[in-house]
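Peer 1: The residues making up each chain are set out below.
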Amino acid sequence: AQSVTQPDIHITVSEGASLELRCNYSYGATPYLFWYVQSPGQGLQLLLKYFSGDTLVQGIKGFEAEFKRSQSSFNLRKPSVHWSDAAEYFCAVAQADRGSTLGRLYFGRGTQLTVWP
Amino acid sequence: DTEVTQTPKHLVMGMTNKKSLKCEQHMGHRAMYWYKQKAKKPPELMFVYSYEKLSINESVPSRFSPECPNSSLLNLHLHALQPEDSALYLCASSQDNGRAGRNEQFFGPGTRLTVL
Chain D
135 AQSVTQPDIH
145 ITVSEGASLE
155 LRCNYSYGAT
165 PYLFWYVQSP
175 GQGLQLLLKY
185 FSGDTLVQGI
195 KGFEAEFKRS
205 QSSFNLRKPS
215 VHWSDAAEYF
225 CAVAQADRGS
235 TLGRLYFGRG
245 TQLTVWP
Chain G
7 DTEVTQTPKH
17 LVMGMTNKKS
27 LKCEQHMGHR
37 AMYWYKQKAK
47 KPPELMFVYS
57 YEKLSINESV
67 PSRFSPECPN
77 SSLLNLHLHA
87 LQPEDSALYL
97 CASSQDNGRA
107 GRNEQFFGPG
117 TRLTVL
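One line per chain: the protein sequences are D and G, in this order.
Just add 134 to the spot in the first sequence (first one is 1) and you have the working numbering.
Just add 6 to the spot in the second sequence (first one is 1) and you have the working numbering.
No lab work stands behind these hints, which were simulated from the structure alone.
Possibly wrong hints are sitting among the right ones.
[Claimed, not checked] Derived DSSO-like pairs (lysine-lysine); straight-line CA-CA distance at most 30 Å:
hint: 1; chain 1: G; residue 1: K47; chain 2: D; residue 2: K183
hint: 2; chain 1: D; residue 1: K195; chain 2: G; residue 2: K25
hint: 3; chain 1: G; residue 1: K15; chain 2: D; residue 2: K183
hint: 4; chain 1: D; residue 1: K183; chain 2: G; residue 2: K44
hint: 5; chain 1: D; residue 1: K183; chain 2: G; residue 2: K24
hint: 6; chain 1: G; residue 1: K28; chain 2: G; residue 2: K47
hint: 7; chain 1: G; residue 1: K25; chain 2: G; residue 2: K44
hint: 8; chain 1: G; residue 1: K15; chain 2: G; residue 2: K28
hint: 9; chain 1: G; residue 1: K47; chain 2: G; residue 2: K15
hint: 10; chain 1: G; residue 1: K24; chain 2: G; residue 2: K44
hint: 11; chain 1: G; residue 1: K47; chain 2: G; residue 2: K59
hint: 12; chain 1: G; residue 1: K15; chain 2: D; residue 2: K195
hint: 13; chain 1: D; residue 1: K195; chain 2: G; residue 2: K47
hint: 14; chain 1: G; residue 1: K25; chain 2: G; residue 2: K15
hint: 15; chain 1: G; residue 1: K47; chain 2: G; residue 2: K25
hint: 16; chain 1: G; residue 1: K28; chain 2: D; residue 2: K202
hint: 17; chain 1: G; residue 1: K15; chain 2: G; residue 2: K46
hint: 18; chain 1: G; residue 1: K59; chain 2: D; residue 2: K202
hint: 19; chain 1: G; residue 1: K59; chain 2: D; residue 2: K183
hint: 20; chain 1: G; residue 1: K25; chain 2: G; residue 2: K59
hint: 21; chain 1: D; residue 1: K195; chain 2: G; residue 2: K44
hint: 22; chain 1: D; residue 1: K195; chain 2: D; residue 2: K183
hint: 23; chain 1: G; residue 1: K28; chain 2: G; residue 2: K44
hint: 24; chain 1: G; residue 1: K25; chain 2: D; residue 2: K183
[Stated by the list, open to error] Stretch by stretch, here's where chain D covers chain G in the computed footprint (C-beta under 8 Å, at least three residues):
hint: 25; region: 27-36
hint: 26; region: 111-119
C-beta: ideal position from N, C-alpha, C; glycine also.
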């Protein structure tokens, strides 16, 4: 089974500061990687995804992530954080079940982002 | 329309009640998912439907009974739940076109369930 590690449970940054959320995965083949954001009491919204090609992926809300195969990492970044970015962030890797046409998502435990004004 | 809707938003039920959660999407997706999410935890997969057939059941207790009446609707029937079943229940949908793993899942806002 695949696994995703988000080493930081909670990160606090000041508004306007840069942000990097870490994600490491274990997967034998080329991974399909995702970052989701969840505001309190809400569902998950996809920020960005990586399947192949350019290892620097641009997403919504000014976020980007970089895939580094050598480090098995897919870290999320934003150059200048806004107060509205405060939320829970989940990294996920998808794996296709044998004999299935669907991919199963394996989530990291999440990183809670607090933004100071 | 890229929205997954879920009703009700909140549900409080006793351990002897029977209730249902409803999920709807109009994106033409043929795969639909139920997840359970406890506070401060990632979502846990419960069930997956593909083309209205149950594809995955993650050994969920029988007090949870999923139903997919058509390609746009997904229900979760609840009966004799326990207080530890209190959680946020998320529905998601995706395409099912053979590109396993590459199909983005779209999530609904969830139903906050409290079992007394």
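Peer 1: In ascending order, which of the hints set out earlier in this document are inconsistent with the structure?
Peer 2: 2, 5, 16, 18, 24 and 25
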